[in-house]
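Spelled out from the first residue to the last, the chains are:
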Amino acid sequence: MLDVRDLVAGYGDIPVLRGISLHAEPGEILLIGGENGAGKSTLMRAIAGFIKPSQGSVVLDGKPLTGLPPEKVARSGLRLVLDGHRVFPELTVYDNLRMGVAARPDDRADLARSLEEIYEVFPILKERSRARAYDLSGGQQQILALGQAFVARPRVLLCDEPSLGVAQALLPPILAFLRRWAESGTAIVIVDQHVKISLPYADRAMIVQRGQVLLECPAGELDRRLSTLHAARQNAHAER
Amino acid sequence: MLSEIAIIVVRGVAIGSLFAIIAMSFNIVHNATRILNFAQGNIFILGGFAAYFLADNAGFPTWLLMLVVTGLVMAVLVAMQGWLTLLPLRGNSAEQDSWMISTVSVSVIIAAILMLVYGPFAYSVGGVVPAFRIFGVKTPGAFLLAIAAMLGCYFLLSWFLRHSFTGLAISALSQDFDAARAAGLNVRGLQLLAFGISGLIAGSAGFMVAPMISVSPDAGLRYVLNGFIAAVIGGIGNNTGALIGGPLVGVMAMLMAYKVGGAYQDLASLIVLVVILMFWPQGLFGRATARRV
Amino acid sequence: MASQHDSLSEATGPQVSLPLGRGRFRSDGLQLRIGILLILLTGIGPSLLGNSYWEHTFQLVNILIAVAVLQNFLFVDAGQKSFGQGAILGLGAYGLAIASGIHGAPLTLGVLSAVGAAMLGGLLFALPALRVQGFHLGFATLSAAIVFPQLLIQFDDVTRGINGISLSVPALTKPLVWGLSGLTLLVTAVPIAALLLHYGIRTARLGRRMRVAAESAEAARALGVRPGAMRALAFMIVSAGTGLCGALYVPAVGFISPQAFIIELSFTLFFVVVVGGRGQLLGPIVGIWVIYIVPNVLLVQLVEYRLLIYGFLTLAVVIAFPDGLVGTVEMWRRKRFQRGGGEQGFRLAPFSETLEKVAPRPAPAAAAPPILEVRGAVKRFGQVVALDRVDLEVRPGEVHGLVGANGSGKTSLLNVISGFSRLDGGSYSFRGRDVTRLNATGIARMGLGRTFQTPRIFTDVSVWDNIQLGLDARPTPLDPEMARLAERFREVYGEDNPALLAHGQRRLLEVIRVVFADPALVLFDEPAAGLAPAERAEFSRLLRQISTRLGMSVILVEHDLDLVWDIADRITVLETGRVVASGPPQVLAQDPAVQHLFVGGAHA
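Listed in order, the protein sequences are those of chains A, B and C. Heads up: the first sequence begins at 3 in this note's numbering, then just goes up one per residue. Heads up: the second sequence begins at 18 in this note's numbering, then just goes up one per residue. Heads up: the third sequence begins at 16 in this note's numbering, then just goes up one per residue.
Fair warning: there could be bad hints in the mix.
Among the chain A residues that face chain C by a calculated CB cut under 7 Å, a handful are [as the list claims (entries may be wrong)]:
1. Glu129
2. Leu166
3. Gly167
4. Gln195
Please keep in mind that the hints were generated in silico from the structure rather than gathered at the bench. Idealized CB from N, CA, C, for every residue including glycine.
One chain only, chain A, in its complex shape (with noise of 0.2 Å):
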């Protein structure tokens, strides 16, 4: 479904991303891993359209979105939540919810639909409906902004550190709700720099470092990928 081929970018004419491909399928949680630095966010932001990528492709569904800007790309069906819980602070929880329409301007009437749905999951937002979004904690904000995207109905979902700044108790209810929406059909890129906590929730992992593919492999994998690496560096030290 989205299909990323040797991605090269970054800020001006310095590339942080050397030639990343990765591609995400609907129904499936594609984690993407990496020491902080490495291109994660810069991955994100280049899939989603805040930074041109000098080479290579952005594809989803057969149809290019390579260079259009951020706004384009979401209403082509791709969304990005972008990290450290980013709400509209001064609009209220509700109308930060609509405004995840913005993404699907032909068919606005299904809000209150996908409304009703995210409320079941998180009363919190239901209840706090009302209040302004800088009200609420930072994991009450990450969970908002996944709403605003969830109402989107996006076809592809990415999801930049989305434990960033939120209380640990909450984070089992946010990935156990990142994976029932991708099975019901969205394909899920998440990044995170600790991949012990939502490894348990995806479908294959990938590795990032120094802004190229490190390694890629089922989710159940990557604990034993690491440790030969770890392994192998270990050696390295040794020898040292």
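Given chain A, put chains B and C in place with the hints provided.
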């Protein structure tokens, strides 16, 4: 004595309403784009010229029709100006302050055209609202209209920005630009709309209050400056602040005119501006939250 | 790490070699020479030919050029957007006219009064500039330019109002030699002096620091520069010069009235700078010729339309050629002849090799008091607690690693230590002095240096100039070896374009800059992000040398944990604003609290 105070207050608040309206027209563009349109005062004066040529001493229906026409034409003009202003700002251009130059040049262009066409004269425009008496003082009807326009503008904008989908989207733009784009909001369209609305506000306000202002090619600068002062006092981007800042500046100006003579009004404005910028650069009322970058 | 040796030998191979490329990074020198030539030609040419019409025209034009040159400097080099320079010119002119024209004071006194009046006006502009920038300042100066002619009319007992003041100085207008009068010589000399001043400041320490203050107040403060002082100084210099131009304006015209200094003049001067090319030395000259001479002299029938023409011209330039006329040519030249960048764009090797030759500073006694001591630091952003009672101690000459996940408070801690944000609770001391309330500039001057996550590299000046900013901030003389190295850097990078540097190289450039400033403690914020493996190895070596050879203490925030574990003497681990572990790397590697930081959760 009482009547003098009444004159100062009524006139001050009325003149200040104009500053508040210009401040609000600044705010909507600033919130959507971080741009302050230096030409806003000339747009306001253009509205005044429209009143002179289209509706001087006209009957109410003509006046109303021409008001709508003027407002719409100004909206389109300023939206076009916005389009030009935003052109060099596409992408990660390093020239992020080019808008200051382009809006100043548009302001000069409008003033120059008005000067060429109409000469350096001040035109007076007949009003549609009759004069009335406050505390026994005869007051032109336009004063009432100015205050009503300010309140109307404030409440309409508040409703628009807080309840309509498009207005909420403009608010969202000002609160988190990237998140707004990620959500699929049509950023450029909303920004142009904000420019258009600011033109609608300033242009139709100029039209409505033409009887109480001096409609002359060089008057635009004075209004843009005082509107800016009102906006700064209220905190740039904050309409409620402007609602208070405008009349405050107006009353101060009237008080100055009464105490030391009208010739020092602009000097007084300058001093107020410098003092405000030095001690309360965020305004007296500030902004609830800053936008994330 | 076997690869490290390879990369080191590779790095020590060729010394810094001159990259291929021609031409200079900036054409300032050339523009200066052309500018002087043009002013000389137009200034004394007409008098030599005996054409008095052009003589008078160019007298006025050259005065305006001098004012525009100063405005150009103010606008770009000092970053101050002033729309009111016409009023400053007017203050100068009236200063002289009132003193000498009305009260008959001697000319020297009149000129002094001109400069003084203009500087007072400049002070009025500089005051708000201490607090606000950008459009705020634009409006304040615009407002002053509107008020100025009104005041001239209002205070007519002092200024003679709309009647104006005439002042002729026969001694100045009388030809001295070859038809050249004193006035002609003066109005030729003053714009040349203005150009030389612009060029001179730009190439000096003062100019570099002004530009940093204009482009990044943060970077300036981290280098011990007070941005406010820089702005005020720029306004004072420009006002004094503009005042002098005002004094010349009076005898050149013979009569002044408020009409000469209306807002139109300020707008014209501003447009001249933009159309000519912001920041280009030659810009104001070309700008004046296009904006002023064409409609006023060549197309006299269009004089009515000139403001309209100015406005359209400026609008067109901003949209189509944002760099202005000279700037567009300069950009084209720079693109064509640029050099620098690539793999060799900027390398550490020569630096670390030189450090090898520097005598190590004596190791501080183990019992030496800590250079930095943070006690119970609390920092909140709204409801979020970024730092929660953090304690941190850095010893002299120590490399102290600071690690933790995103949002754990590392950058907040760096910002607090370097004085960019204030603590909500707790305190800290640096070099034995409590600096909890000290500002960033003050702390930087006490010997604290830092780099930024997004390197503060200034792309308008050469790579070498970027390094030189560090030397500018240095309180102590350079060691002879280091001075030789600096000289070599100047030769090699003097004309290199920093925009061509890769991200990692920019970081290294910033690292070299801060090391040249010789701080006692330096904070590195993710310096290794975006470095190639060989560069990483080289960087580790440099870090060790900084602490052993130069005796600096280092706080290293870095996500490459291998690198931190390799070189840090001690490591502090932050988690959601709290210190969860602190100690030497060998000990911490076993700490379960630290394990999960590593990808996959396991580490040697």
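>> Holds or violated: the hint that Gly167(A) contacts chain C, with Cβ atoms closer than 7 Å.
In response: Cβ of Gly167(A) sits 5 Å from chain C, so the hint holds.
> Hey, does the Leu166(A) contact hint survive, CB to chain C under 7 Å?
Replying inline: 6 Å, holds
>> Next item in the hint list is Gln195(A). Is there a CB on chain C closer than 7 Å to its CB?
In response: Check passed: Cβ of Gln195(A) comes within 6 Å of chain C, closer than 7 Å.
> Is the shortest C-beta separation between Glu129(A) and chain C less than 7 Å?
Replying inline: 19 Å, violated
Consistency with the previously given hints fails for number 1 only.
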